[in-house]
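A.B. asks: Each chain is listed here by its residues.
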Amino acid sequence: MKYFAKLASVLLAALLSFGVAYSASADKLKVGFIYIGPPGDHGWTYAHDQARLMIDNMLGDHVETTYVEGVPEGPDAERAIAKLAETGHKLIFTTSFGYMEPTLKVAKRFPDVKFEHATGYKQADNVATYSARFYEGRYVQGQIAAKISKSGVIGYIASFPIPEVVRGINAFMLGAQSINPDMKVKVVWVYSWFDPPKEADAAKVLMDQGADIITQHTDSTAALQAAADRGIHAFGQASDMIQFAPDTQLTAVLDDWGPYYVKRTVDVLMGTWSPGDTWNGMGPGMVGMAPFTNMPSAVAMMARKTAESIRTGAFHPFTGPIYNQAGELVVAAGEVAADFPMLATMNFYVQGVDDKLPE
Amino acid sequence: MLALEARATQSASAAWLSPLLAMALTGLTGAAIFLAMGKAPGIALYIYFIEPLTSWSGLSEVAVKAGPLILIGIGLSVGFRAGIWNIGAEGQFIAGAVLGSAPAVVFYDSTNLLILPTMLVLGVLGGMAWAAIPALLKTRFNANEILVSLMLVYVAELLLVHLVQGPWRNPQGWGFPGTRMFPDAALLPMLFPGYRVHLGTLIALLIPLLAWFVLTKSRFGFKVRVFGSAPLAARHAGINNPRMIWATLLIGGGLAGLAGIMEAASTIGQLMPKISPGYGFTAIIVAFLGRLHPVGVALAGTAIAVTYIGGEGAQISAGLPKAVTGLFQGIILFYLLAFDLLTRYRLTRIGNKVSAT
Chain A
1 MKYFAKLASV
11 LLAALLSFGV
21 AYSASADKLK
31 VGFIYIGPPG
41 DHGWTYAHDQ
51 ARLMIDNMLG
61 DHVETTYVEG
71 VPEGPDAERA
81 IAKLAETGHK
91 LIFTTSFGYM
101 EPTLKVAKRF
111 PDVKFEHATG
121 YKQADNVATY
131 SARFYEGRYV
141 QGQIAAKISK
151 SGVIGYIASF
161 PIPEVVRGIN
171 AFMLGAQSIN
181 PDMKVKVVWV
191 YSWFDPPKEA
201 DAAKVLMDQG
211 ADIITQHTDS
221 TAALQAAADR
231 GIHAFGQASD
241 MIQFAPDTQL
251 TAVLDDWGPY
261 YVKRTVDVLM
271 GTWSPGDTWN
281 GMGPGMVGMA
291 PFTNMPSAVA
301 MMARKTAESI
311 RTGAFHPFTG
321 PIYNQAGELV
331 VAAGEVAADF
341 PMLATMNFYV
351 QGVDDKLPE
Chain B
1 MLALEARATQ
11 SASAAWLSPL
21 LAMALTGLTG
31 AAIFLAMGKA
41 PGIALYIYFI
51 EPLTSWSGLS
61 EVAVKAGPLI
71 LIGIGLSVGF
81 RAGIWNIGAE
91 GQFIAGAVLG
101 SAPAVVFYDS
111 TNLLILPTML
121 VLGVLGGMAW
131 AAIPALLKTR
141 FNANEILVSL
151 MLVYVAELLL
161 VHLVQGPWRN
171 PQGWGFPGTR
181 MFPDAALLPM
191 LFPGYRVHLG
201 TLIALLIPLL
211 AWFVLTKSRF
221 GFKVRVFGSA
231 PLAARHAGIN
241 NPRMIWATLL
251 IGGGLAGLAG
261 IMEAASTIGQ
271 LMPKISPGYG
281 FTAIIVAFLG
291 RLHPVGVALA
301 GTAIAVTYIG
311 GEGAQISAGL
321 PKAVTGLFQG
331 IILFYLLAFD
341 LLTRYRLTRI
351 GNKVSAT
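From first to last, the protein sequence lines stand for chains A and B. If you read the first sequence in the working numbering, its first letter stands for residue 1, the second for the next number, and so on. If you read the second sequence in the working numbering, its first letter stands for residue 1, the second for the next number, and so on.
Some hints here could point you the wrong way.
[Claimed, not checked] Listed next, the in silico DSBU-like pairs over lysine-lysine satisfying Cα-Cα at most 30 Å (straight line):
no., chain 1, residue 1, chain 2, residue 2
1, B, Lys322, A, Lys263
2, A, Lys305, A, Lys184
3, B, Lys322, A, Lys122
4, A, Lys150, A, Lys28
5, B, Lys39, A, Lys28
6, A, Lys186, A, Lys150
7, B, Lys274, A, Lys204
8, A, Lys198, B, Lys274
9, B, Lys274, A, Lys186
10, A, Lys90, B, Lys322
11, A, Lys30, B, Lys322
12, B, Lys322, A, Lys105
13, B, Lys274, A, Lys28
14, B, Lys39, A, Lys90
15, A, Lys186, A, Lys305
[What the hints assert, rightly or not] Simulated DEER-style distance windows between Cβ atoms:
no., chain 1, residue 1, chain 2, residue 2, range
16, B, His162, A, Gly210, 26 to 36 Å
17, A, Ser151, B, Asn241, 39 to 49 Å
18, B, Pro189, A, Ser151, 53 to 63 Å
19, A, Gly210, B, Phe107, 20 to 30 Å
20, A, Thr312, B, Trp56, 50 to 60 Å
Simulated from the structure, these hints should not be mistaken for laboratory data. Glycine included, every Cβ here is placed at the ideal spot set by N, Cα and C.
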């Protein structure tokens, strides 16, 4: 919140000094968004749409926003992105990993349009990338899960075996192990970001296999709800999903894209936009935690403490000793895993994950 | 009580009027829906159905989208005419894309100019092979081709997913499922710089002409029509039942397979877990909307493609939800089926008639 207040004041100052020059041109800056799911998924896309609305609220006098929902990763994405560029959008956020190649292709055709691609790793003169350190929240979840679980088995619904997702599983595992070294994490890959029936089925399979806590790296509320139907505790994902599981959601990793989106929009308005990569966590406020609910207050207290030490930088979830599944030491005791290459390209499981990484 | 009674005669013009009426009524229904949503219906309909056709890029995208729909629709219409219900074109599309892509995946840095023709041939063969399974089961065991071909869609989808996240996965892809990007030699050439229309689109537009010629001018076309409209007479006339089943399924599968590989080797440029937004199923609507006639299928494929492209424009410039696209396609089919029913049957009141039983 503090970060946000600071940002807001900076923005306001920037806008005031800028307003005079800008109001001369009648046209508003058009900002476009490509969504993988519907804003009503109450998860990933919902969080991006909330951030879009923040642009509307704060910069509505200078900016107009548009979104295209349910765009599949592939050739349809290229058309949808190009269509936004053709219709005069000068800043376009493409909010799924699989939009990487289509974004780069369209960016080549429209050099005067700025592109922001979420969670990707390829930049260009007019393509920036950004992502959040979701793993910080995953570590906290792992600790909570280990405290709450009776069976010692956690069910994890995963989307695609890319570093971002693998990192989350590992951080969760490390958090759980920090409480109980014998904790087990079972993983089901659904190979989709948004497929509510599939997400729910995966949750059921995991619960049938003895998991008594469910967490997911997919976009909808389906897994949380499937768990709630059986009275099983679970985590929300990307947004606070407490209304869908009031008696069973423990917490949720919150994605707060708003300040970043507003800042990048202002950058374009002022002509100071530049490409690059942004990877922020709890510190700058891009990652947050929903209220710790449905757990003993001692557990909530512990979770708050861990989250706070991650936020201040006192603690890093990937602090050694960390072993891979083969039992090899990959991060020495007391050391912290580097962003690059280890975290950015993470393609191995830490010890204790009860799954084989798809190859 | 109302009942349906078969009409003694059916007018030929009714068969062509019903898709046009269906489209018109869809427009009216759409206008009502837009009005209820608080949007100006005229503007929304314009954005939806006209705007995609008013710019070169819009036309190019409509053509790119219509290509696979027309190709598959033509293949299906041949089978449907003969009364062979191949519902699994989606699977044949995927099978064609998979087999056809094999050379591009294996020789990923090839510059050999023969690679593309090889891929196209393999694509056709892949689709045929997938359609051969229902053909074999139908001719040997009289298994229902609707069920067999439909179930094989899921097999094909899972096969594709397995390949792109397993043996064919791009080693430089950071674990994201998908093959390497195809080399340039394995891609269909683009027709105009800056637009996505490609050679495959052109081929897709030529196939209806070929199909029209075959269906109206050849002995095979005559047999297909006889077989579909009067199977018993066809048998007496010596038209071979199993051979007709094989021929129509292989044509449908082959064209779907060709559509699959041409899609993979153009706009996609690789294989991914999902390569079709349901072309194989939408093409069933296209075939019926086009009255199973090659020219009609080409027009219907274009019309359906417009709803896809217009749906995107409607999201951008009118803030309409994506669901409207699916809604329109459903409404078109609903009206079409209703009109078809009423051209073949008429509503009568039972109870008033003495001769009913």
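A.B. asks: Hint by hint, note whether the structure agrees.
C.D. replies: How the hints compare with the structure:
no. : hint                              : result
1   : B:Lys322 <-> A:Lys263             : holds, 29 Å
2   : A:Lys305 <-> A:Lys184             : holds, 24 Å
3   : B:Lys322 <-> A:Lys122             : holds, 29 Å
4   : A:Lys150 <-> A:Lys28              : violated, 56 Å
5   : B:Lys39 <-> A:Lys28               : holds, 22 Å
6   : A:Lys186 <-> A:Lys150             : holds, 15 Å
7   : B:Lys274 <-> A:Lys204             : holds, 25 Å
8   : A:Lys198 <-> B:Lys274             : holds, 15 Å
9   : B:Lys274 <-> A:Lys186             : holds, 26 Å
10  : A:Lys90 <-> B:Lys322              : holds, 23 Å
11  : A:Lys30 <-> B:Lys322              : holds, 20 Å
12  : B:Lys322 <-> A:Lys105             : holds, 24 Å
13  : B:Lys274 <-> A:Lys28              : violated, 37 Å
14  : B:Lys39 <-> A:Lys90               : holds, 26 Å
15  : A:Lys186 <-> A:Lys305             : holds, 27 Å
16  : B:His162 <-> A:Gly210: 26 to 36 Å : holds, 27 Å
17  : A:Ser151 <-> B:Asn241: 39 to 49 Å : violated, 60 Å
18  : B:Pro189 <-> A:Ser151: 53 to 63 Å : holds, 58 Å
19  : A:Gly210 <-> B:Phe107: 20 to 30 Å : violated, 47 Å
20  : A:Thr312 <-> B:Trp56: 50 to 60 Å  : holds, 56 Å
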